[in-house]
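Enquirer: Listed here are the chains, written in short residue letters.
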Amino acid sequence: MPSHKNILRFLAFLGIFFWLSMMGSGYLYRFGQSYSTSSETYLFFAKSFLIALILAIYFFYKRKIGNQESFDIIDLLWKVFVTGLIATVVSLLSNFLLTVLKENEHGRNPYFLDLLYHINVGLIITFLIAAFTVWKRLILYQKSKWLIRIWNVFEYGLLGSSLLFFTAYEIFSGVFSTLIWGMLVVMSFVLSVNLKWVAYLNFKQKWKSILLIILIGLYIGYFYSILNNYGEDYGFTPIFDALGVITIHGLYVFILIYSIFSVLVILFNLPTSSVFEQKLVEVINFQKLSQARNTGQNENQVFDILLESSVSVVIANAAWIDIKDEDENVKKTLFYKLNKHEKEEALKSLKSNKIKNIQSSVASRNKVNSRFTAELKHELFKSILVIPLYIGDKQIASLALVKDVKDGFSKEMIEIIRTFVNQASVSIENYRLMKEAIVNERYKEELKIAKRVQDSLIPTILATNEDLQISAFSKPAAEVGGDYFDTFKMDKDRIAIIVGDVSGKGTSAAFHMSQMKGVFQSLVQLNLSAKEFIIKANNALSSCLDRTSFITTTYFIIDSKKRIFEFSRAGHCPTLYYSAKEKKVKYLEDNGLGLGILRDDQFDSFVEVNEIKYQQGDILFLYTDGITEAKNSQNEEYGYERLKQFLNKNAFYSADYIKDEILKTIHDFCGSSNLEDDITTLIVKVK
Amino acid sequence: MVEIKNSLVKDIFTIHVIGEVDASSSIHLDESIGEATSKYSKIMVNCEQLEYISSAGLGVFMSYINDLEEKGIKLVIYGLSDKVRHVFQILGLDQLLKITENEEEAKGIVNGV
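If you read the sequences in order, they're chains A and B. Just so it is clear: in the first sequence, position 291 is 291 by the working numbering, and no numbers are missing. So the working numbering is basically just the index in the second sequence, starting at one, shifted up by 1000.
No lab work stands behind these hints: they were computed from the structure. Misleading hints may appear alongside valid ones.
What the hints assert, rightly or not - Have a look at the derived ranges for each label pair, beta carbon to beta carbon: (1) A:E441 to B:S1024: 19 to 27 Å; (2) A:D604 to B:G1034: 22 to 30 Å; (3) A:V330 to B:G1034: 35 to 43 Å; (4) B:S1024 to A:C544: 17 to 25 Å; (5) B:K1010 to A:N635: 33 to 41 Å; (6) A:E328 to B:N1006: 12 to 20 Å; (7) B:N1006 to A:Y443: 30 to 38 Å; (8) B:N1006 to A:N465: 54 to 62 Å; (9) B:G1072 to A:R547: 16 to 24 Å; (10) B:G1034 to A:N635: 51 to 59 Å; (11) B:G1072 to A:D604: 17 to 25 Å; (12) B:K1010 to A:C544: 38 to 46 Å; (13) A:Q291 to B:N1006: 50 to 58 Å; (14) A:K331 to B:N1111: 41 to 49 Å.
None of the values given here were measured: they were computed from a predicted structure. Idealized CB from N, CA, C, for every residue including glycine.
Please construct the entire structure, taking both the sequences and the accompanying hints into account.
Expert: Rendered as structure tokens:
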């Protein structure tokens, strides 16, 4: 693809080429005429090149102006004006030359007059098409489907009508050409009502536009008279009348009509332009506040924007914002065009009997209505408007605007300020929420790390021997929890097993759980009896746990040589035991006390140890209360009885199967309701 | 959620625990018992309307066991539902705290009958 610039250069070159060709053909024609030879072909060529010239300039401007991204109305009008100015200056110079050479014989030379005529024609066409392209953009400022359709018909009709130049030399020479001409004029009028861009100009821009358009109109008149009267004084007739081309004539008329309409409409719009400007300022300010919300500007920036926007919208003489802290005391004040002292003076001059409250759902709940307008008895300020900013029920700031006139705040102004204040409140709330979210996100990350650490404390490989199947599972309700299980191979025959549950939940429980792991891993190395283990664990934990925390555990030593379960329960949920011989399930409800409940020697007397001689097929089912206290949607607990039945039913299966099955059962029991507590289970089955 | 009400009849201070005591609401129970043990030597805890107590709640009772002994305070818990009583029993707290069926029995123990 050739670049934009190269295309423009090419079109400009083409234009110059067509212009030269047109002039050359014209000379040949005149030359032929003066020698009375038939040279109509040259005239045809000259006309063709004229139309080609029109098209080249048309495409040149279509590219140059029509596709421009930016849309600056004054800039566009300025471009047309400058084009016209250059054309006018050149044209005036050529006319001056003519006047100077009037008496000279060269001045009457038809070839010389032809040259000047063609120069004028080229310049005028350039100007007309430049104006046409700009007018097109103005008319299509706010497009609709129908507008585009009408415009397209007009534009193609205007360009296409140039072809009539070959058949009907004079513009009104035939019915058809007259009809087309008439239609184009009617369409010019119809299109000229599209002046929406005028509303978007401010006062100054409107004046500039009027000036520029009037000057453009003057050019039009001048150029028309040039083409119309060219050479009359000298009895000179150009080889063709450029005005006879419907396209050129149409351009004149269209540009003129639209110019007149524009000037009139702008003139009528002048008195109301300040209102539009005000509205525009409001919209822009509102947008600023909205953007502040999206870009998460900090609170002070939002307050600054609010203060600035509010002042400019109601044209206040001074203003301030009291920014309040958690307890709604003023912690900082932003001032606009007054100082602290003046603010206090203004507030002192408040006429308490002239306070008008403004309806508000928030303030009425707080009883004291803090949004109001009032009169001031102050030498500078005569009225005040106060509107507080709320987040939820909490006042975070209060905006006050003062003016040097009585009743300076109209209902509309108050509405706008309220909208601004609401928008600012939302922005600030968003900002605070975002800050909070960032902090929460960090906590979440920390918790994830804690979870990873805790997961690594749960053993993945369990100690076992040829006699036993051991299977276990643990899952915290939140990221981390207080459940614990572990195993240890004491020697070739003996395996130690522990299941524990720390009081409380979440992070604090997780800390104690890791202490429990440390205590187990240390003490289990010492080859202690179950009783000694529990006593020493209590001693150790007594100095580790905080005042209200305790840990319940069940500790087992399984001796495969003696085929004995030696165990002690320290306040933990009673272990479920399946006896293969009796084909019965029972809870091992020995006495015991949670670790950390008594933090001295008294504890020792509460420790009980028991032994069970086990047989093939016997099962130990250790668990935490997350299983028995799991609740269904009716708030019913799974309970001890169901658990008993469960094991009775599944005692025939392997430890792994029982583990999977209990998890499935609990999951099904809870249904859609989530687990509230950590759940842990450890199953030992004698092979 | 838990609701805690206090009443004082003669020299017996009674704490009424109503609802559910979980990890977060156990703080209120702790405050209440802490205050009572600093002022009174005869305390009854009415748990007739206690529906549920979590391990954190049990931890609160547990943490005062030493205090009671040292200061010679008589604290009796009464009116536990079967379920809640079972929770106390599993942990072994029934061996350390005085727990009775009803208010009458509790009063008897507090008054040293």
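Enquirer: For which of the previously enumerated hints does the structure constitute a violation, in increasing order of number?
Expert: 6, 10 and 14
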